[in-house]
Structure formats: structure tokens, C-alpha cells
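Asks: Sequence:
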Amino acid sequence: MTTTLGTASAGPGEIDTGRLEVGETRDGSPFGLPVAVVNGAESGKTLYVQAASDGDELNGIGVIQRVVPQLDPSELSGTILLTGIVNYHGFQVAQHRNPIDDTKMNRTYPGDENGTSSERISAATFEAATRADLILDLHQGSTSRMIDEVRVRCGRRHRMYEECLELAKAFGCGYVLDQKGPDGQLARVAPDEGIPTVDPELGGAVGWDERSIEKGVRGVFNVLRYYDFLEGERTPERQTRAGGFEQYGSPVGGLVDFQADLGEEVSRGQTLFEVTSPFGEPKATVTADSSGILWRTRRLPQVATGEYVCSVGTDVDTY
1 MTTTLGTASA
11 GPGEIDTGRL
21 EVGETRDGSP
31 FGLPVAVVNG
41 AESGKTLYVQ
51 AASDGDELNG
61 IGVIQRVVPQ
71 LDPSELSGTI
81 LLTGIVNYHG
91 FQVAQHRNPI
101 DDTKMNRTYP
111 GDENGTSSER
121 ISAATFEAAT
131 RADLILDLHQ
141 GSTSRMIDEV
151 RVRCGRRHRM
161 YEECLELAKA
171 FGCGYVLDQK
181 GPDGQLARVA
191 PDEGIPTVDP
201 ELGGAVGWDE
211 RSIEKGVRGV
221 FNVLRYYDFL
231 EGERTPERQT
241 RAGGFEQYGS
251 PVGGLVDFQA
261 DLGEEVSRGQ
271 TLFEVTSPFG
281 EPKATVTADS
291 SGILWRTRRL
301 PQVATGEYVC
311 SVGTDVDTY
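Heads up: the sequence shown begins at 1 in this note's numbering, then just goes up one per residue.
If you are wondering where the hints come from, they were derived from the structure by calculation, not from laboratory data.
Be a bit skeptical, because a hint or two may be false.
For each label pair, taking beta carbons as the anchor points, the in silico distance ranges come out as [as the list claims (entries may be wrong)]: (1) F31 x G280: 47 to 53 Å; (2) T116 x D192: 42 to 48 Å; (3) Y319 x T271: 40 to 46 Å; (4) P69 x R238: 51 to 57 Å; (5) T2 x G28: 28 to 34 Å; (6) D317 x G28: 53 to 59 Å; (7) K180 x E274: 32 to 38 Å; (8) K180 x T305: 27 to 33 Å; (9) P236 x G280: 43 to 49 Å.
We treat Cβ as the ideally placed atom computed from N, Cα and C, and that holds for glycine.
Construct all of the structure, not just a fragment, from the sequences and the given hints.
Replies: Structure follows, in C-alpha cells:
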């Protein structure tokens, strides 16, 4: 059976790309999101993948750019629907938020086809996503430095929690943040429709990072094998899971010197970072309130009083 997404249309054993029209730009020209359909020769599940709902998070685009050319629909069971760039306007100007309505798009799902720019885009991509049996919403830690991880956002009491956790484990980044997310996230809303959904957060970079992209490519193929889109054994490895975050800001202004490495296990009371003056004079030392893993850090060393410096993943276990 032929599958269509926007102007992309593919019969069994075919791939096609096209555009999903969602509105007009400020000069009245129509614009559409880049989309693709990979229709397997055999029937099976449907996977939806999207990237760049935050316009400066490019690693997910890098993943899709590398995954699609490696797919042979004659060897695929089921269908893959892809939206390569969700936040069209933010991507054009390399901004996190949609500049048309100054909105973080991954807070607007399920969207509104008659609403703001972001709500209209969310409505169109949500319609595509909810045609699937599984959803991967590819993100990264914006321009911060962050470990590669997958986020389970539906909350532990949700009826789809175990299925979302299973999908995160199948993706297999090595780390999972198991924490209920904010309202309006695709990974919060789609499980309400009965669809397992996760946010792979593929590191953090200015531009994109090849190492994180390669992890994302492996993760997508892990999912394709685990859920029988492709032949091949896929036994998920144990993942390190964090149940929460502790965020740390600087008590003073100055230059940050980290005393722990990204991904390192830290203990309560251990020094996370020191702050000095431009002349190397000590100004402050900040220690961990709880044991955990140094999960995310700012990229630039300069900080003002109260400015974000780092996050520690807490309540850590393996599953």
C-alpha cells in the first residue's frame, strides 16, 4: 500500500522525499517541512522520527541525514516516516525558539491547526507522529556540553511508561533520564495516544558533533532491529538511569574551572567546580549536594552571579 506524508509518497519497497506544507513566510511564500517516507517491501510497524523542533539542535538532522541513505526498503518490514526539520523558522536563523512567535516548539504539542506558527507546525507533525506505533523525537542539549542520553518523559504512573522505558533501552545510548517532562512535549503527549515515545538527547554542540551523531545513528538502527523492521539480533544492554537533576549556578561572577569530568560519578560533598577572578584568585567552590553523575555543563567558562553552570543526574541505578 502506498504511504504518503505531505508530498512524499512511496509504494512498498520505495523511498520518497517531499514537503509537508504548514503555512506561509512573511513575504507570503508557502513553506513546508522536509519529510520522507521509507516504505518497506513487507508489512510491519510504523516508526516516526523527527529532528530540530529546537532550531539550533542539529545533531538529530545529522542522524537523519546519515540514516536514510543506509536504508534499503527492499529489506525493510514496515514503514518509517521522517520530518527532517520541525522548527523551520528557528533553523533558518540558528535559534532555539521559533522566532515568528518566540516560542519553544516542544512545549506546544499536540498543537492547533488554526493557532500560532508553532502550534500549526506542532499540529501537522503530531498528525504524522500519531500514525506511528513508535516515536523518536531527536534532540540535543542545545549548545551546552552533555552526555548522550535518552529521556523518558511520560512519568512513572503513565500506562505507557514500561513501553517508553523499553524503547529507551532499545535505543541504547547508555544513559536514560527517567523524569516526567513539561506539558506540551511530544514525548509527554504522544503516550496519551498509546504510542511509546522518547527523546534521545544526543550530546550538545555548536553546529553538530560527529560522535553524538554516530551514537544516534546506531540508536535508530538498534530500534529498527529490536522492533523487527530489519533482520538481525538486538539484545539491549543495561542502561544507567537517573531519576532527576540537581542544577548548580555560580554564587559569584568569574571564570569556571570544573573539578569533575562530564559523565563522571560524583559523591555528596565532592567539588564540582571552582570560580576564580581573571587573575586566578579563588572566589568560590561549589560541591555536590547529592551523589550522582555529572550530566551537563555550560560550554563557556565565564559566569555572572546566579548563572547556570552544571547539572548532576541523581537517583542513579541501572536497568
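Asks: Please go over all the hints and tell whether each is borne out by the structure.
Replies: Taking the hints in turn, this is what the structure says about them:
At about 51 Å, the beta-carbon gap between F31 and G280 stays in the expected band of 47 to 53 Å. Restraint check, T116 to D192: a C-beta distance of roughly 22 Å breaks the suggested window 42 to 48 Å. A beta carbon spacing of about 30 Å between Y319 and T271 contradicts the range 40 to 46 Å that was offered as a hint. For the hinted restraint 51 to 57 Å between P69 and R238, the CB-CB distance of approximately 31 Å leaves it violated.
For the hinted restraint 28 to 34 Å between T2 and G28, the CB-CB distance of approximately 32 Å keeps it satisfied. Range check, D317 to G28: Cβ separation about 54 Å, and the 53 to 59 Å hint holds. Checking the proposed 32 to 38 Å range against K180 and E274 shows it holds: the Cβ atoms sit about 33 Å from each other. At roughly 31 Å, the beta-carbon separation of K180 and T305 lies within the given 27 to 33 Å, and the hint holds.
Look at P236 against G280: about 47 Å separates their beta carbons, and that is inside 43 to 49 Å.
The structure does not agree with the numbered hints 2, 3, 4 stated previously, though it agrees with the rest.
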